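Asks: Sequence:
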Amino acid sequence: MLFAEDLMEFTLAQFGVNWVEKETGIRRFRSRIQKQLFRPQIGMAVCDLIATHSEVIIKCYKDLILRGMNCVEDFKYEATITTIYYLSNGLSCIKYLQLCALFSGITYQCFRNNDCSLARDIASASSQLLAYVANYFIYEIFFIPNEFWFEFFLVAQAVRRRIWNGTLYANWNEFRDIELPYFDMF
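Each residue of the sequence shown is one higher than the one before, counting from 1 in the numbering used here.
These are computed hints drawn from the structure, not numbers from a lab. Computed from a predicted model, the values in this text were never measured in an experiment. Check before you lean on any hint, since a few could be wrong.
As a list, the in silico DSS-like pairs of lysine-lysine whose alpha-carbon atoms are at most 25 Å apart [stated by the list, open to error]: (1) Lys62 to Lys95; (2) Lys59 to Lys95; (3) Lys76 to Lys62; (4) Lys95 to Lys76; (5) Lys76 to Lys59.
Derived DEER-like restraints, expressed as beta-carbon distance ranges [said to hold, decoys possible]: (6) Trp164 to Tyr77: 34 to 40 Å; (7) Trp164 to Glu55: 15 to 21 Å; (8) Asn70 to Ala158: 37 to 43 Å; (9) Ser88 to Arg67: 18 to 24 Å; (10) Tyr132 to Ala51: 25 to 31 Å; (11) Asn165 to Ile81: 30 to 36 Å; (12) Ile81 to Asn114: 23 to 29 Å; (13) Glu55 to Tyr85: 19 to 25 Å; (14) Gln157 to Ile84: 27 to 33 Å; (15) Lys59 to Ala158: 25 to 31 Å; (16) Tyr136 to Trp164: 28 to 34 Å; (17) Asn135 to Ile81: 16 to 22 Å.
Heads up, the beta-carbon is just placed ideally off N, CA and C, and yes, glycines get one too.
Between the sequences and the hints, there should be enough to build the whole structure, so can you do that?
Replies: Structure representation (structure tokens):
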């Protein structure tokens, strides 16, 4: 959970948003947690994905509002369903980064459109869901935790490099047909 909260705080800060409630989750126990898994490079990869897919994220946000999302429970429902369908064929580092970008981007759109109360709740809910996804796959032995975090860091760096070089990640065989998740695709 600490990783997801740190990631959300970092990405929002990159877009000029100060997430006030950032200390209400697991972060209050930071001093007791020995190993910090969040790295700024991972956060920058998520920010780059948000910038690259900003049109899709803005459309997702607008579609959620048009469907009547006006409370965090509505967002949790939509985000959970989207996550289940998006990960139905398994989790990869790039898919996890894309979920991070989608949820952080939606949260930023809420802040940007002056719905700060809902945005704060969505930031917390997104952090929880991202933590649940990572923990679920750790406990299902989909990946070995320490090896996953190293691979995750390397993929985040590669994504950033490819975005900045204009090659994105579509030409990697492993990630050929993966697109950014979208709330309305199912």
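Asks: Please test the hint of 37 to 43 Å on the beta carbon pair from asparagine 70 and alanine 158.
Replies: holds (38 Å)
Asks: With 25 to 31 Å as the target window, see if lysine 59 and alanine 158 comply at their CB atoms.
Replies: holds (27 Å)
Asks: Check the following: the C-beta atoms of glutamine 157 and isoleucine 84 are separated by a distance inside 27 to 33 Å.
Replies: holds (28 Å)
Asks: What's the verdict on lysine 59 and lysine 95, does the C-alpha distance respect the 25 Å limit or exceed it?
Replies: Satisfied, since the Cα-Cα distance of roughly 19 Å is no more than 25 Å.
Asks: Honestly, do asparagine 135 and isoleucine 81 meet the 16 to 22 Å range at C-beta?
Replies: holds (19 Å)
Asks: With the threshold set at 25 Å, check whether the alpha-carbon distance from lysine 95 to lysine 76 stays at or below it.
Replies: holds (19 Å)
Asks: Need the status of pair lysine 62, lysine 95: alpha-carbon distance at most 25 Å?
Replies: holds (22 Å)
Asks: Is lysine 76 close enough to lysine 59, meaning Cα to Cα at most 25 Å?
Replies: Holds, because 18 Å separates the two Cα atoms, which is no more than 25 Å.
Asks: Is 23 to 29 Å respected by the C-beta to C-beta distance linking isoleucine 81 and asparagine 114?
Replies: holds (27 Å)
Asks: Note whether the CB distance of glutamate 55 and tyrosine 85 lies within 19 to 25 Å or breaks it.
Replies: holds (21 Å)
Asks: So the hint says 28 to 34 Å: do the beta-carbon atoms of tyrosine 136 and tryptophan 164 match that?
Replies: At 32 Å between Cβs, range holds.
Asks: Taking the CB of asparagine 165 and the CB of isoleucine 81, does the distance hold inside 30 to 36 Å?
Replies: holds (35 Å)
Hint compliance for this structure: no hint is broken.
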